[in-house]
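**Student:** Sequence:
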Amino acid sequence: MVMLLMLGLSGCGDNTPDPVYPQAPPPDHLYDQSTINDEQRWTINNAHDPAIIKTDQGYYVYSTDVKTGGELRPGVMVRKSTDLIHWNWVQYALPGIPKEAEAWSSATNLWAPDIIKMGDTYRMYYSASTFGSTRSAIGLQTSSSPEGPWKDEGLVVKTREHDKLNAIDANPVLDAEGNPWMVYGSFFGGIYITPLDPLTGKLKESGYGKNIAARDRATEDGAVEGPYIVYNPMFRKYYLFVSYDSLFEDYNVRVARSDSITGPYVDMNGHDMADTSYLPQYEIGNKVLGGYRFSEGEGWVAPGHNSVLKDGADYYIVHHARGETDKSWPYLHVRKILWTAEGWPVVSPERYAGEKEQDIPKRLLSGNWERIVIRQEVDGQVEAEPLRLEDGGRATSGSLEGHWSFDGKRTLTMDWSDTSEGTKEELLLLPSWDWELGRHTLIFTGMNEKGISIWGKRISD
Numbered sequence: 026m027v028m029l030l031m032l033g034l035s036g037c038g039d040n041t042p043d044p045v046y047p048q049a050p051p052p053d054h055l056y057d058q059s060t061i062n063d064e065q066r067w068t069i070n071n072a073h074d075p076a077i078i079k080t081d082q083g084y085y086v087y088s089t090d091v092k093t094g095g096e097l098r099p100g101v102m103v104r105k106s107t108d109l110i111h112w113n114w115v116q117y118a119l120p121g122i123p124k125e126a127e128a129w130s131s132a133t134n135l136w137a138p139d140i141i142k143m144g145d146t147y148r149m150y151y152s153a154s155t156f157g158s159t160r161s162a163i164g165l166q167t168s169s170s171p172e173g174p175w176k177d178e179g180l181v182v183k184t185r186e187h188d189k190l191n192a193i194d195a196n197p198v199l200d201a202e203g204n205p206w207m208v209y210g211s212f213f214g215g216i217y218i219t220p221l222d223p224l225t226g227k228l229k230e231s232g233y234g235k236n237i238a239a240r241d242r243a244t245e246d247g248a249v250e251g252p253y254i255v256y257n258p259m260f261r262k263y264y265l266f267v268s269y270d271s272l273f274e275d276y277n278v279r280v281a282r283s284d285s286i287t288g289p290y291v292d293m294n295g296h297d298m299a300d301t302s303y304l305p306q307y308e309i310g311n312k313v314l315g316g317y318r319f320s321e322g323e324g325w326v327a328p329g330h331n332s333v334l335k336d337g338a339d340y341y342i343v344h345h346a347r348g349e350t351d352k353s354w355p356y357l358h359v360r361k362i363l364w365t366a367e368g369w370p371v372v373s374p375e376r377y378a379g380e381k382e383q384d385i386p387k388r389l390l391s392g393n394w395e396r397i398v399i400r401q402e403v404d405g406q407v408e409a410e411p412l413r414l415e416d417g418g419r420a421t422s423g424s425l426e427g428h429w430s431f432d433g434k435r436t437l438t439m440d441w442s443d444t445s446e447g448t449k450e451e452l453l454l455l456p457s458w459d460w461e462l463g464r465h466t467l468i469f470t471g472m473n474e475k476g477i478s479i480w481g482k483r484i485s486d
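Per this note's numbering, the sequence shown runs over residues 26 to 486.
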């Protein structure tokens, strides 16, 4: 990982050591037209629907075939990093669209690849389809290396026009006992899960599997896709991440959990992700990531289609997002996931730059912050609001009045006197890099008692 920088701050009677902040990451070069036809300079550009895996050779990300401003070349894009910060182009995994998948779907590019290692074999699942159609297929390629060469193993599952579900967006996953499953689906009938044959990587049973997430077709045309399941052994829970709404405008990430890999998956408020009768539908699923903008710097829209990396005790969400200036450019984002005491994942408001979880001195908390409420009903961007924390425990944010307290380690608690969104927020602190202002800062991420995600970062004294 990157070297870390210690900043010397005065003690002021607080015995907690000064936090260790990450060093400056490489600068973004957003909307750089000169890189359009030079993949070696893309770094995080053109990374749509990224899926991550850790190997002995480093971290690899596989992503949908997209290209802003130039002629597209299909074949699954592959990038590599040794630190989750600096990303280098590797190659296209495949020479083009596999013939069987192309013949079935008439696809012109490959979507949403994902990869898993079983024994000594890497299994890469990919999707072939056309936009808005259910004539789709999920195919399988195998290799002894994350960089290939890849062997075509044919199709795993396919759907036809007017089928109730859509065979795209595969996520191969192991349950707690090591058995392989595939969760998949997009729009239409929602998200399904089915067991895989551990020897072949193909479906173990006939049929499409069990439905574990769906939306009312009247709500955003039933927009739910990009499923990803991760198991957290500390809480003994499976967590289902999905993306809601339009990938072009208001994509956002929701999460729910279950005791079983096959569900039911419920959010913090007990709503089942497969319940299409509950209204309003936007209240289903903990919304952990959506479009946002701090007061300065580039804002982001339509973050979504994530994967999750479990790296030892650390978890990261890996997703794409579009810059607010020109939404045709999708960029790769990696963010730390923190876990609440109740076992819910919450996401950092800043991209990963090498930060480590650690105790924070209370003396650093008072001052001017910005606060973002990731409201479930909001489409598009959420704007940051000013937040002031006083030494005596008073807190103000716009018209809100309240008090803050600190557990002496990493948890900041906000108690608001009057807000329809909730009155108590449990917020986890983390030293971070401020990508908007180009400097170190403290951030917080957490939830209130209604399951609404709250973000913040410190701006000044």
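Simulated from the structure, these hints should not be mistaken for laboratory data. Do not rely on the hints blindly, as some may be mistaken.
[Claimed, not checked] Under the rule of at most 30 angstroms between Cα atoms (straight-line distance), these lysine-lysine pairs were calculated in the DSS-like manner:
#, residue 1, residue 2
1, LYS124, LYS92
2, LYS183, LYS227
3, LYS475, LYS434
4, LYS475, LYS262
5, LYS381, LYS105
6, LYS124, LYS262
7, LYS335, LYS434
[Unchecked claim] Listed next, with one range per pair, are the computed distances between beta-carbon atoms:
#, residue 1, residue 2, range
8, GLY337, ASP432, 23 to 33 angstroms
9, LYS475, THR107, 36 to 46 angstroms
10, ILE61, ASP336, 29 to 39 angstroms
11, ASP336, LEU55, 45 to 55 angstroms
In this text the structure is predicted, and so the values were computed from the model without any measurement. No residue lacks a Cβ here, since even glycine has one placed at the ideal position from N, Cα and C.
**Student:** Each hint should be assessed against the structure and marked as holding or not.
**Tutor:** Here is what the structure says about each hint:
1. LYS124 <-> LYS92: holds, 22 angstroms
2. LYS183 <-> LYS227: holds, 12 angstroms
3. LYS475 <-> LYS434: Given that 30 angstroms is the threshold and the Cα spacing comes to 24 angstroms, the pair holds.
4. LYS475 <-> LYS262: Holds, at roughly 20 angstroms.
5. LYS381 <-> LYS105: Holds, at about 22 angstroms.
6. LYS124 <-> LYS262: Measuring from Cα to Cα gives roughly 39 angstroms; hence the hint is violated.
7. LYS335 <-> LYS434: OK: LYS335 and LYS434 at ~24 angstroms, within 30 angstroms.
8. GLY337 <-> ASP432: 23 to 33 angstroms: holds, 24 angstroms
9. LYS475 <-> THR107: 36 to 46 angstroms: Between LYS475 and THR107, where Cβ atoms are some 40 angstroms apart, the hint holds.
10. ILE61 <-> ASP336: 29 to 39 angstroms: holds, 32 angstroms
11. ASP336 <-> LEU55: 45 to 55 angstroms: violated, 27 angstroms
When the structure is compared with the earlier hints, violations turn up for hints 6, 11 and for no others.
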